[in-house]
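*Asks:* As a plain string of letters, each chain reads:
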Amino acid sequence: MTLVSTTTRPRRRVPEALRSPLTVVGVVVAAGWLLVVVLGPLLQPADPLAQSPDRLAPLSAAHWFGTDSLGRDVLSRVIAGARISIPLSLLLVALSASVGSLLGAVAGLLGGVVDEVVMRLADLVLAFPTIILAMVVAAALGPSLTNAVIAMLVVTWPQYARVTRSLVLGARDREFVVAGRLLGIGWFTSLRRDVVPNVAGPVFALTTLDFGNAILLLSGLSFLGLGTVPPTPEWGLMVSDGVQNFTAWWVAAFPGLAICSIVLAFNFIGDALRDALDPRMQKAVGSRAL
Amino acid sequence: MSDADGLRISGLTLELRGQRILDGVDLVAPAGQVTGLAGESGSGKTLTGMTVLGLPPAGSVLGGSIEFRGTDLLTLSARQHNALRGEELAMVFQDPTASLHPMISIGGQLTDHVRHHLHLGRAQARARALEVLEQVRVPDPAQALRKYPHEFSGGQLQRIAIGIAIACRPSVLVADEPTTALDVTVQAGVMRLLRDLCDELGLTVLLITHDLAVMSALADTIVVMRHGRVVEHGPRYDVIRDPQHPYTRDLVEALPDHRPRPTGGRP
Amino acid sequence: MPRSGEPLTAEVAGAATVPPAPRRGRHPLLRYVSIRLGISVLLVWGVTLVTFVMTNLVPADPVTAVLGDAAAADPEVVAQFRRELGLDRSLPEQYLLYLQRLLHLDLGTSAQTRRPVLDDLREAVPATAELALFVLLVSVVVGVGIGVFAALRHRRFADDVVRVVSLVGISAPTFWLALVVFYVGFYRLGWFPGSGRLDTQLVPPPQVTGFMTVDSLLAGQTATFVNALAHLLLPGLVLTLYTVGLLARFSRSAVLDVLNQEYVTAARAKGLPGRVVTFRYVLRGALLPILTVVGLSFGSLLSGAVLTETVFVWHGLGQYAYQAATRLDLQAVMGVGLVVGVTYITINFVVDLLYAVIDPRVRRQ
Amino acid sequence: MAGELVFDEVTVRYGRPGRPTVTAVDRASFRVRPGEVVGLVGESGCGKSTLAKLACGLVPAAGGRATFDGTPITPYGLRKRPAQLLRLQMVFQNPYASLNPRRRVAAQLQDARAIHPATAPSVDDLLRSVGLDPALRTRYPHQFSGGQRQRIAIARAMATGPDLLIGDEPIASLDASLQAQVATLMRDVALASDTSLLFISHDLSVVRLIADRVVVMQAGRVVEEGPTEQVWSAPQEAYTQRLLAAIPLADGLGTIPDVAPA
Chain A
1 MTLVSTTTRP RRRVPEALRS PLTVVGVVVA AGWLLVVVLG PLLQPADPLA
51 QSPDRLAPLS AAHWFGTDSL GRDVLSRVIA GARISIPLSL LLVALSASVG
101 SLLGAVAGLL GGVVDEVVMR LADLVLAFPT IILAMVVAAA LGPSLTNAVI
151 AMLVVTWPQY ARVTRSLVLG ARDREFVVAG RLLGIGWFTS LRRDVVPNVA
201 GPVFALTTLD FGNAILLLSG LSFLGLGTVP PTPEWGLMVS DGVQNFTAWW
251 VAAFPGLAIC SIVLAFNFIG DALRDALDPR MQKAVGSRAL
Chain B
1 MSDADGLRIS GLTLELRGQR ILDGVDLVAP AGQVTGLAGE SGSGKTLTGM
51 TVLGLPPAGS VLGGSIEFRG TDLLTLSARQ HNALRGEELA MVFQDPTASL
101 HPMISIGGQL TDHVRHHLHL GRAQARARAL EVLEQVRVPD PAQALRKYPH
151 EFSGGQLQRI AIGIAIACRP SVLVADEPTT ALDVTVQAGV MRLLRDLCDE
201 LGLTVLLITH DLAVMSALAD TIVVMRHGRV VEHGPRYDVI RDPQHPYTRD
251 LVEALPDHRP RPTGGRP
Chain C
1 MPRSGEPLTA EVAGAATVPP APRRGRHPLL RYVSIRLGIS VLLVWGVTLV
51 TFVMTNLVPA DPVTAVLGDA AAADPEVVAQ FRRELGLDRS LPEQYLLYLQ
101 RLLHLDLGTS AQTRRPVLDD LREAVPATAE LALFVLLVSV VVGVGIGVFA
151 ALRHRRFADD VVRVVSLVGI SAPTFWLALV VFYVGFYRLG WFPGSGRLDT
201 QLVPPPQVTG FMTVDSLLAG QTATFVNALA HLLLPGLVLT LYTVGLLARF
251 SRSAVLDVLN QEYVTAARAK GLPGRVVTFR YVLRGALLPI LTVVGLSFGS
301 LLSGAVLTET VFVWHGLGQY AYQAATRLDL QAVMGVGLVV GVTYITINFV
351 VDLLYAVIDP RVRRQ
Chain D
1 MAGELVFDEV TVRYGRPGRP TVTAVDRASF RVRPGEVVGL VGESGCGKST
51 LAKLACGLVP AAGGRATFDG TPITPYGLRK RPAQLLRLQM VFQNPYASLN
101 PRRRVAAQLQ DARAIHPATA PSVDDLLRSV GLDPALRTRY PHQFSGGQRQ
151 RIAIARAMAT GPDLLIGDEP IASLDASLQA QVATLMRDVA LASDTSLLFI
201 SHDLSVVRLI ADRVVVMQAG RVVEEGPTEQ VWSAPQEAYT QRLLAAIPLA
251 DGLGTIPDVA PA
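Residue numbers (our numbering), protein chains in the order written: chain A, 1 to 290; chain B, 1 to 267; chain C, 1 to 365; chain D, 1 to 262.
Treat the hints with caution; some may be incorrect.
[Claimed, not checked] Cβ pair distances, simulated, as ranges:
(1) C:Val-138 <-> B:Gly-59: 51 to 57 Å
(2) A:Phe-188 <-> C:Thr-209: 55 to 61 Å
(3) A:Leu-91 <-> C:Val-138: 33 to 39 Å
(4) C:Val-168 <-> A:Gln-244: 52 to 58 Å
(5) C:Pro-273 <-> A:Phe-188: 52 to 58 Å
(6) B:Thr-71 <-> D:Leu-253: 33 to 39 Å
(7) D:Pro-34 <-> B:Asp-257: 26 to 32 Å
(8) C:Leu-133 <-> B:Leu-130: 45 to 51 Å
(9) C:Arg-122 <-> D:Arg-16: 45 to 51 Å
(10) B:Pro-246 <-> D:Pro-34: 37 to 43 Å
(11) A:Phe-188 <-> C:Val-168: 41 to 47 Å
(12) A:Asn-245 <-> C:Leu-288: 34 to 40 Å
(13) C:Val-138 <-> A:Leu-35: 35 to 41 Å
Don't read these hints as lab results, they were simulated from the structure.
All C-beta atoms, glycine included, are put in the ideal place defined by N, C-alpha and C.
Hey, can you work out the whole structure from these sequences and the hints?
*Replies:* Set out below in structure tokens:
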């Protein structure tokens, strides 16, 4: 007589959240933009920096997105802008994610004083609204792209530290991590083999969501003249150019739409990833016994 | 006790996302008796209880009938079923610390449904609450009303949860693993309480648990379920001491006090 | 299934103490408040440290910025100026000096306006506060409302619509949204005034609260009130779109978490009507996380204000910070950082206090 | 023979910020002799799980000492666990958290075999020894039921060739029908390789089934100890009597245990 039900559940099918239409739209748009970044120069109808006499020209066959206040082709600048904002934001997210989650993991693992210091530091940074602290830092260091990235790094690492710390704290007490330590493995192997694989999922979901914020923050700083300096074709700068000449709606409309579309795409993907990888969801599925 | 005010479930089926989880459940729960619903996890015993209350998971397709006082509960509209819940059909859950709202006082959670169903004023509802707390033997009822769930032990909380369930003098009480989350000494007290309430109030109690020892102490008749179907039912003594169905036999033999003690220590 | 997996530290949670019964801690509420107050004070001190350090990081020498190039050439004036500002002292001493000045509300002088930063802030803060509070009021009602509504309609059409709308809300760059709203609302349709807080030809009401709308009401000038309100609408709309998106997303997930709780099923099992279950049980459970996000949304609101005010020429804190930052007027930027930081910490401290009011587990250990 | 665990006047206190410190264990003394199966019983919060964690070096002792085959047990924190203590292994309560969801079962058993690879049984033998089909070795934990996961956790503990196995409420999360079966499995598997077993549970009837000796704890103190049948038939302490009287018997007689309120 074997009461042990050997009912094994089906192979883990693609979580429902990843197959929803919103996510598909997100993936398509994101892929599109990544393509633009790669093929950039080939797609640009004109030199993004080349000025021409017909300033603020409306949409036309020659200039699909019209021209800006210096007669430059808006479409080419939007494409060129993608090659600046997207890679830079990816770099920023990668940097702040690694710095933040490393600090969070260490705080979670070591606890005690280290934990207090890291968390109070995070609270301090979070005590300032993002743009205002970024402004303070950028102003203190002087307006330039690198300073803007540094300012953004200062502002964005705390959220990763907090999320990673709570995940590590949660994982550290899980029985399989303790069981691993009982087998005599060092804390680093335990981190690498047991803790990180179970923490990486939700942190990755956070990076996708945070990518959108990075784009918004970078373009925001540039809009305020604290990030990229003219004449670089950066979306934030292009919109601020559009503000001076708001009657020519196309100058600001297309870079704005560019920002909106890429941020929306990554938010869709991030939402789906978070639902699929959220430890709460896994736990709910795992311990549903009744 | 006429059969009229008990519970008669016949051919109950439940399908969720294409899977048949309840596959024709038949059982009779007469009034004034404790009817035990036994089975392992996933046998559908809790789902049966929830369906009596009209709270099956969203999107489940139901079949068969649940007769209570001449009406088939499955034909009731949501509003009609909701009117019965709390007043005629009540439920107690496994973990009292999870089934009571942490931020609402015991008094609040004891009186809100009483005032709704019995249309009582604040003072009358409070009086009823005190009466119920005495009935479930919670010490110092007046003080208890003002306290919050986190200020009670597990055993006391489960008594309060039972008090909440019987506050409107329901006919049917579905108890889903009521003693499982409790320590053994506290468990005995709650079992005695359920027995007394069943005898004194003529309650129809549907006791759901996987613990055959609790079943043997508390249930008058036992219904054994497996994979959404009833495999055996009968008086407590017969089902435990002389199980007919092989699955029931396996369940009983799997119990500690039925297994042969291993021979001494080292071979 | 018997007792669900207790956490490894069940021992701590259920630890029986050796008789006699545990000594009840000093008044738990007092202890909770004093801890939260301590942390907030620590953070405020941290903010002053940050603003002080930032001012000293500056590669550009503050002297030239304040005195202007001509005076900066004369060593005598420069030396005198440095002594006056204590720049010749060691950093810790300068920090103490800085703190002393702060205690006397001396935030230094603004390079742009040549006036004490404090006076500039006295004018700028109410303008942003009026905009922020107007937006917060609307956003909390609308944002939390549709968030809760979507959660209760989970997996149905309304839920998806709200999800998409709130996602768009937080995805659109505020500065671009401001331009679009300005272009359409003012330039194209002309339904609402475009920039500034009041039409130039109207006389601003006597300053009581600094809020144009409130002051004009107090002064009984209904025409001014209507005009001030109209000026609030477009910039308000921009910030509301973002804040509603943020609050809707968080409220929705907070309510969804609560809906999974067993006490909601138990409330339904008591036969309580739908609205009682929703408002008394579900919302009560979700109130704390929602309150937290409302506190946090004030921060993103201020960020948004910086961008919106520049487009709508709204002479508030945001625009003041923008001009200060771009002209390297560090005293002013640090002044804004200080005010905003302290406000934000105070708001989150108030949210902590509300936690104690709402959650009995915090008030009665 | 190895596998002796001695608790000598052990006291454990939990300090929580701002709240009065709690004494979870108060001068507890008993031992698990080599090759012996000891049942440690008591209600939740009596300190039995704290002793298990102390034995694994997860919590510090505020007083007294625990030794394993003579080696004092002290928390190892972030350091590697001392080699001599590796022959003391543990099976935890929650089957859904005792295996790494991201790694196949075979890999997790290999990790355990790596401690004494020469003497450790093969992965297939390990799975067979706990009643599981070796073909399941390539599967992930989420593809197993609670009972199966607990068996795998037992196999992992035995793969290290332990002298002492501790079960901290190993059957509390299982169906009643599986509890006795898994408990007996732990006893048989341990004794088969001369491993002593400390079986911690609040379920006294299962402990009675597999334990040679029983230790009863209440509110952090050991209140009674002795051979299982003797403690069962002639309990000395009032608390033990109350505990035993409270156990419902599956005898079909419908007698509700009569327990005077505490």
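*Asks:* Each hint: holds or not?
*Replies:* Right, here's what the structure says about each hint:
no.	hint	in the structure
1	C:Val-138 <-> B:Gly-59: 51 to 57 Å	violated, 36 Å
2	A:Phe-188 <-> C:Thr-209: 55 to 61 Å	holds, 59 Å
3	A:Leu-91 <-> C:Val-138: 33 to 39 Å	holds, 37 Å
4	C:Val-168 <-> A:Gln-244: 52 to 58 Å	violated, 26 Å
5	C:Pro-273 <-> A:Phe-188: 52 to 58 Å	holds, 57 Å
6	B:Thr-71 <-> D:Leu-253: 33 to 39 Å	holds, 37 Å
7	D:Pro-34 <-> B:Asp-257: 26 to 32 Å	holds, 29 Å
8	C:Leu-133 <-> B:Leu-130: 45 to 51 Å	holds, 46 Å
9	C:Arg-122 <-> D:Arg-16: 45 to 51 Å	holds, 46 Å
10	B:Pro-246 <-> D:Pro-34: 37 to 43 Å	holds, 41 Å
11	A:Phe-188 <-> C:Val-168: 41 to 47 Å	holds, 44 Å
12	A:Asn-245 <-> C:Leu-288: 34 to 40 Å	violated, 48 Å
13	C:Val-138 <-> A:Leu-35: 35 to 41 Å	holds, 40 Å
When each numbered hint is compared with the structure, violations occur for hints 1, 4 and 12.
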